[in-house]
Amino acid sequence: MSKRKIVKGVKIDEVRPGSVTGKDILNPQGQMILAKGSILTPDLIDRLKRLGISSIPIETEEEAAQVDLKALEEKIQRVDLLIERKFRRASPDNRTMMGLKEIFMEFMKRKIANGS
Amino acid sequence: MDREEIRAKIKETAEVATISAVAFQTAQLLRNPDVAVNKVTEIVSLDQSLTAKMLRLVNSSFYGFQGKISSLSQAIVLLGFNTVRNVILSVSVLKAFSGDKGCKVFNIAKFWEHSVGTAFVAKNLAEHIKFKEPEDAFIGGLLHDIGRVFIVQFLRPEMGKIVDLMTKEDMLMREAEERVLDTDHAWIGYVMAKNWHFPPVLCSAIGLHHAPNGKDEEFLLASIIHLADIICRGMDLGCGGDDFVPDVSPAAWRELSLSLEDVRVLIQKTDQNLYQIEEFLAILRS
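Taken in sequence, the protein lines are chains R and E. In terms of the numbering used here, the first sequence opens at residue 1 and continues consecutively. In terms of the numbering used here, the second sequence opens at residue 1 and continues consecutively.
Be aware that a few hints might be false.
[What the hints assert, rightly or not] Straight-line C-alpha distance at most 30 Å; calculated DSS-like pairs for lysine-lysine:
hint, chain 1, residue 1, chain 2, residue 2
1, R, Lys111, E, Lys269
2, E, Lys161, R, Lys86
3, E, Lys132, E, Lys9
[To be verified] Some chain R residues flagged as far from chain E (calculated, every beta-carbon gap over 12 Å):
hint, residue
4, Gly18
5, Ile76
6, Ile83
Simulated from the structure, these hints should not be mistaken for lab results. By construction, the Cβ of each residue, glycine as well, lies at the ideal position given by its N, Cα and C atoms.
Let the hints inform the model, and build the full structure from the sequences given.
So, in structure tokens, the structure goes:
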């Protein structure tokens, strides 16, 4: 899985504690107030707000997640094939077996969606 | 090779595929609920490696006493006779077959993963329906396909034919066994369990796990193992031989009186046991 990091400006009111700064933060005079790679605590966010900072460059992996969507779809297709194959003997009239088939399919897809 | 010849072969090889005399005696002793704890510890301690492995298992996260059990007598007090007996039987049976590395056509690692997976599903299922001995369900699940290990180990040419037939005609391994051997792994497992003097209810559960019948506890335990095997196949935990999810026996389904929602809950519960399944497998392999 690719984990390309990108830096995105986030409004100070929307910054979540625990986020990491993606660039040095400077005040209007050009002096550095927070170095790149700092972890933002509620306290720090508050202080930046009081210094008049309105937007903070935050490091995210959002784009990497988008790329993985395709891999996810492929995985889900493989689950369909796997379960179809496992149930190739079951008659469509057998309600218990069709019910089980649906349950296993859902279980496996949820596992994939949860990242395993 | 027909049924009679296979039965003779099982008898003849019983010496090789046997569980240790210590385990055998212990299993016998622990069937009596009034047996003295020191009598049991006296016998088990004769087999050092059995004792060591048993202690590792009872200290695994599965039993909830991680690292706190340091002796057999403590294990009996904390876990009860039934659990200790089953742990000793599991360890011994697996030890008897540990030399076997499977063969090209049969992946033994996947096989044990399926067996341990079925054991966990069976125990969860037993607890769910309030079956009185969930530990019996566990060991029944663990050993339900033990007849297959016998085929791999002692009937190697027949195993080759079984796999060929199964692949060529896209059938269940059990059906191919039936065609080649005139019997199947369930019956072979039943004969083995009887030879080892396993509790009768366990013998019949192994023998009947593909077509549960009989009465009361016997029927119920066989039904538990039957459905656990199927759930394990659906969850894709290991591989017992073929890749089918075969039809649930309507008789077993009635006997268990479960809804599909119950099955969903069981799958989720077992999914949370994956770490314990891994741990259990690692100890058995060691």
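Please list, smallest to largest, the hint numbers that this structure does not respect. As far as the earlier hints go, 3, 6 are violated by this structure, in ascending order.
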